[in-house]
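The chain contents come next:
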Amino acid sequence: MKQLAKIVKHKSMQENQALSKSEFKHNHRILVVDDEREIIQSYLDILTPEAENNVISIKSSRSQRPETIRSDTEFRVVVAKNYDEALAIVKKQIREGAPFAMGFFDVLLGGSKDGFDLVKEIHDLDPNMYAVFVTAFNDRSVDSIQQFLGEDKTNRWDYLNKPFSNGEILQKARNFTSLWNLNEEKKLQNAQLAEAQRRLMESEKLSSIAAVARGVSHEFGNLLMQIMGKADICLAEKNPEKMKAGLEVILDATGRANEILEKFKDLSNPAESAREKTDIYAHSLLDEVLVLMEHKIKVSQLKVCRIKTEKVSIHVNQTSILQVLVNLTINSIHAMGNSGQIDLTVTDVGEFAEIRLRDYGPGIKKELMDKVLEPFYTTKGKQGTGLGLPICREIIEVDHQGEFQLVNHGVKGLEAVIRLPKACKPNGAV
Amino acid sequence: MNANYTLPILLIDDDAMVREVLVEYLKGYGFTNIKSMQDPKSALSYINDQKNSIGLIISDWEMPGLNGLTLLKAVRNHPLRKNTSFIMITSQRSMERFKVTQAAQMKVSSYIIKPFRADILRKKIWDIMGWEDYVESA
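Quick note, the sequences are listed as chains A and B, same order.
Taking this note's numbering, the leading residue of the first sequence gets 1, the next gets one more, and so forth.
Taking this note's numbering, the leading residue of the second sequence gets 1001, the next gets one more, and so forth.
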């Protein structure tokens, strides 16, 4: 999973690099809440030394800022003098999609509500904002602040005692704004990564659907040929018995076409409902695969042997498991060329149902065994995307909490061993 | 020249039901000398055996083991059969263009996509055989 994520990330990052850079805007917005003008001015002097809009001209006695700690980031500081003003500003910024990265909060705000109340209120609106409490009094222990704000916010606040030094303020501002940006950037990247991964999975799914679709199209051509041909022959037929026989053939062919279409719908359903899991007998899924693959199996003269079939019901997403089985079958056919054989077994192994799909191809060289499960590794040159097997593993292990293993068979060929969780109700299969 | 209903026709399709329909089509046109085969490999041996008289070959494209194009190539490379009429049948629309080009290179006489009605095949046969007595059915 991690490896897939890493590689998919690498690929998607290459594609999205320009995009993600332009999409993520760094946030250096800081809220300062204090009822004393001089203190506010000190904040402004420290955080926005170059700004011209330092409307308050009184210089704090503490703002003897050494040149060396001049801020290299441009903080955008908004000040509020009391609880209500602060809350209104925070709400406005959220509405405008420009939330604060952090804030400095005086504890005593002159009203009935203090800085802790304010931050608690703000965290309900915007849990991502960092808060630094600045107080002259040791009026509350850190434990009681933690209890008040909630354990889930532990990493969202810090405190400073007045009088503060310039360096303390600047460094807290730098730390918390960069933390905020790191978090948000990571969230964005994760979302992009998840999206890229989803797209890759989706396109892989479609490509193996394409393989099945070609077979289905051929099958449909034949079925339509029977229907059209028999109908045409019946038109010219005078003998009612022969006409009736012709109509029977037509009905059979339409039934068969419908059956294939139903299976194909199972396979290609890309909707969210495709994530739903239902109970089904493991062997029924294998039956579906064989119907879907019938044409391919016939054309490549593949012999399919059901070695052992235990009746065991599994709780799975049918679409994705069908995908896996179709993928593995196509791989086996590619590995063996024409006139190969695959052996299928379904056994009940305690909490899992085990499906084994064994071919009689060359197997996989020991040193390549790990590699084949890596995304983008392919032996098929330009024909393969190399996503088949890793995605099979993802579907089994991540989506279904099952087990997926590839082993070289002792005698000949490759064996895929899939273990899937059984249905809760053992007889609940439909 | 009018139709020769004793023209020896070789029909190859691996799908039994389709083969049955095609044989009925051909019989319906009036042909009496139809050899239908399921297995393309046997068909290849049949073609290569020059004792067999073949006036027209109708073959499916996609078959197990050996496809219609291989049969067509074998026919065109056979000294006695290189001018034998050959009609290719396929159902895979997605590959149609590619297949038409390939088949054309091998001088396929005609090309039909499944499904098709009886008259279509009849018209094609009359056209490629150069028979002049084709009459549209009512």
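The hints are simulated quantities; they were obtained by calculation from the structure and are not laboratory data.
The beta carbon of each residue, even a glycine, is placed where N, CA and C say it ideally should be.
Among the clues, some could well be false.
[Stated by the list, open to error] Capping the alpha-carbon separation at 20 angstroms, the derived lysine to aspartate or glutamate pairs in EDC-like fashion look like this: (1) B:Lys1073 with B:Asp1119; (2) A:Lys311 with A:Glu262; (3) A:Lys153 with A:Asp124; (4) B:Lys1027 with A:Asp343; (5) A:Lys238 with B:Asp1039; (6) A:Lys91 with A:Glu50; (7) A:Lys244 with B:Glu1136; (8) B:Lys1027 with A:Asp117; (9) A:Lys238 with B:Asp1014; (10) A:Lys298 with B:Asp1014; (11) A:Lys311 with B:Asp1039; (12) A:Lys311 with A:Glu354; (13) A:Lys298 with B:Glu1020; (14) A:Lys296 with B:Asp1039.
[Stated by the list, open to error] Here are a few chain A residues that face chain B, going by a calculated C-beta distance under 8 angstroms: (15) Gln146; (16) Asn161; (17) Ser165; (18) Ser217; (19) Asn222; (20) Met225; (21) Ile227; (22) Met228; (23) Gly229; (24) Lys238; (25) Ile250; (26) Met336; (27) Asn338; (28) Gly363; (29) Ile364.
Here is how each hint holds up against the structure:
1. B:Lys1073 with B:Asp1119: violated, 27 angstroms
2. A:Lys311 with A:Glu262: violated, 23 angstroms
3. A:Lys153 with A:Asp124: holds, 11 angstroms
4. B:Lys1027 with A:Asp343: Violated. Lys1027 (chain B) to Asp343 (chain A) sits at ~43 angstroms, over the 20 angstroms cutoff.
5. A:Lys238 with B:Asp1039: violated, 33 angstroms
6. A:Lys91 with A:Glu50: violated, 27 angstroms
7. A:Lys244 with B:Glu1136: Violated. Lys244 (chain A) to Glu1136 (chain B) sits at ~26 angstroms, over the 20 angstroms cutoff.
8. B:Lys1027 with A:Asp117: violated, 94 angstroms
9. A:Lys238 with B:Asp1014: Outside the cut-off at roughly 29 angstroms; violated.
10. A:Lys298 with B:Asp1014: Since the Cα atoms of Lys298 (chain A) and Asp1014 (chain B) sit roughly 10 angstroms apart, the hinted pair holds (cutoff 20 angstroms).
11. A:Lys311 with B:Asp1039: Since the Cα atoms of Lys311 (chain A) and Asp1039 (chain B) sit roughly 37 angstroms apart, the hinted pair is violated (cutoff 20 angstroms).
12. A:Lys311 with A:Glu354: holds, 11 angstroms
13. A:Lys298 with B:Glu1020: holds, 19 angstroms
14. A:Lys296 with B:Asp1039: holds, 16 angstroms
15. Gln146: violated, 64 angstroms
16. Asn161: At about 75 angstroms, which exceeds the 8 angstroms cut-off, the nearest Cβ of chain B leaves the hint on Asn161 (chain A) violated.
17. Ser165: violated, 73 angstroms
18. Ser217: Holds - the Cβ of Ser217 (chain A) comes within 8 angstroms of chain B, reaching about 6 angstroms at its closest.
19. Asn222: holds, 5 angstroms
20. Met225: holds, 4 angstroms
21. Ile227: With a minimum Cβ separation of about 7 angstroms from chain B (threshold 8 angstroms), the hint on Ile227 (chain A) holds.
22. Met228: Result: holds, 4 angstroms to nearest chain B Cβ.
23. Gly229: With a closest approach of 3 angstroms, the Gly229 (chain A) hint holds.
24. Lys238: Violated, because the Cβ-Cβ distance from Lys238 (chain A) to chain B comes to roughly 12 angstroms (cut-off 8 angstroms).
25. Ile250: Given a least distance of 10 angstroms, the restraint on Ile250 (chain A) is violated.
26. Met336: violated, 14 angstroms
27. Asn338: holds, 6 angstroms
28. Gly363: This interface hint is violated because 24 angstroms lies over the 8 angstroms limit.
29. Ile364: Violated, about 27 angstroms.
Going through the hint list in order, the structure does not satisfy hints 1, 2, 4, 5, 6, 7, 8, 9, 11, 15, 16, 17, 24, 25, 26, 28, 29.
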